[in-house]
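Trainee: The lines below spell out each chain.
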Amino acid sequence: DAGVTQSPTHLIKTRGQQVTLRCSPKSGHDTVSWYQQALGQGPQFIFQYYEEEERQRGNFPDRFSGHQFPNYSSELNVNALLLGDSALYLCASSLFEGGNTGELFFGEGSRLTVL
Amino acid sequence: ILNVEQSPQSLHVQEGDSTNFTCSFPSSNFYALHWYRWETAKSPEALFVMTLNGDEKKKGRISATLNTKEGYSYLYIKGSQPEDSATYLCAFSTDSWGKLQFGAGTQVVVTP
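Top to bottom, those sequences are chains A and B.
Once you know that position 30 of the first sequence is 30 in the working numbering, the rest is easy, because the numbers rise by one and skip nothing.
Once you know that position 46 of the second sequence is 46 in the working numbering, the rest is easy, because the numbers rise by one and skip nothing.
Just so you know, the hints here were simulated from the structure itself, not pulled from any lab data.
One or more hints might be untrue.
As the list claims (entries may be wrong) - Result set (SDA-like, lysine to any residue): computed pairs, CA atoms no more than 20 Å apart in a straight line:
no., chain 1, residue 1, chain 2, residue 2
1, B, LYS99, A, SER73
2, A, LYS26, B, TRP97
3, B, LYS99, A, GLY99
4, B, LYS99, A, PRO61
5, B, LYS42, A, ALA38
6, B, LYS99, B, PHE30
7, A, LYS26, A, SER73
8, B, LYS99, B, GLY71
9, B, LYS99, A, LEU88
10, B, LYS58, B, ILE77
11, B, LYS99, A, ARG55
12, B, LYS99, A, ASN100
13, B, LYS99, A, ASN59
14, B, LYS99, A, GLN41
15, B, LYS99, A, GLY102
16, B, LYS69, B, SER28
17, B, LYS42, A, HIS10
18, B, LYS57, A, GLU103
19, B, LYS59, B, SER43
20, B, LYS58, A, GLU103
21, B, LYS42, A, GLU103
22, A, LYS26, B, SER85
23, B, LYS99, A, ARG57
24, B, LYS99, A, PHE105
25, B, LYS99, A, GLU52
26, B, LYS42, A, LEU39
27, B, LYS99, A, HIS29
28, B, LYS99, A, GLU53
29, B, LYS99, A, HIS10
30, B, LYS99, A, ASP62
31, B, LYS59, A, GLU103
Treat the numbers as computed from the prediction; the structure is a model and nothing was measured.
Kindly produce the complete structure, drawing on both the sequences and the hints.
Mentor: Right, here's the structure in full:
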């Protein structure tokens, strides 16, 4: 049973460019959340997708957008990259069952460096 | 407390010793408290999800307690082993949808 997979693992972009990160959830999971972890900080919630719609959003600008596909996989897009967007981006999947979300299962992350 | 705070930021433990550390979180609008272990070059792994005041959970040598009225949780490691070396993250949620607010973590280094 494959866990959460993310791609790419590392990438380097320059300011102003756009980036797309991809995530495949754990088999059987229907909810995908994205987190940003900057150096020295805990992961910060970006947004969450359920049934192909953005269900919740954290305090991130509209440059951050996402999508969930019918197979529950997800993409995170960041436009007009800034130096401050350099971070580890974590995808987490979970199952929304009985009106409740349990533990999150995380991927290993995509390390984005913006030069 | 408005954010999730973890202390200490890091600690060094001798193999065989026991240790504990703290997670503080807002006591209002509590729904759940999560603990994750994050080893270097791996993905964060869930240890516990706790929802009830006074709850205590245990997994092997690791256990956790929860006080939702005063807004804190303790994580205990008994008889620390080198494989316990990791960053331990706690996270707090205010609803059932699983949006988590994380602390910055406690980095534990266990030396033989």
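Trainee: Quickly compare the C-alpha distance for LYS26 of chain A and SER85 of chain B to 20 Å and report which way the hint goes.
Mentor: It is violated: about 26 Å lies between the C-alpha atoms, which goes past 20 Å.
Trainee: Could you grab the alpha-carbon distance between LYS99 of chain B and LEU88 of chain A and see if it respects the 20 Å cut-off?
Mentor: Holds, at roughly 18 Å.
Trainee: Going straight from one Cα to the other, do LYS42 of chain B and HIS10 of chain A come out at no more than 20 Å?
Mentor: Judged against 20 Å, a Cα distance of about 14 Å means the pair holds.
Trainee: Is the hinted pair LYS59 of chain B and GLU103 of chain A satisfied, with a Cα-Cα distance of at most 20 Å?
Mentor: It holds: about 15 Å lies between the C-alpha atoms, which stays within 20 Å.
Trainee: Given the hinted pair LYS99 of chain B and HIS29 of chain A, is their Cα-Cα distance within 20 Å?
Mentor: OK: LYS99 of chain B and HIS29 of chain A at ~16 Å, within 20 Å.
Trainee: Is the Cα-Cα distance between LYS99 of chain B and PHE30 of chain B 20 Å or less?
Mentor: holds (12 Å)
Trainee: Are the Cα positions of LYS99 of chain B and GLN41 of chain A separated by 20 Å at most?
Mentor: Holds. LYS99 of chain B to GLN41 of chain A sits at ~17 Å (cutoff 20 Å).
Trainee: Is the hinted pair LYS99 of chain B and GLY99 of chain A satisfied, with a Cα-Cα distance of at most 20 Å?
Mentor: holds (14 Å)
Trainee: Is the hinted pair LYS99 of chain B and ASP62 of chain A satisfied, with a Cα-Cα distance of at most 20 Å?
Mentor: holds (18 Å)
Trainee: Given the hinted pair LYS69 of chain B and SER28 of chain B, is their Cα-Cα distance within 20 Å?
Mentor: holds (8 Å)
Trainee: Starting from LYS99 of chain B, check that the Cα of PHE105 of chain A is at most 20 Å away, please.
Mentor: This hinted pair holds, its Cα atoms lying about 13 Å apart.
Trainee: For LYS99 of chain B and ARG57 of chain A, compute the direct alpha-carbon distance and say whether it is at most 20 Å.
Mentor: holds (9 Å)
Of the hints listed earlier, those the structure fails to meet are numbers 22 and 29, in rising order.
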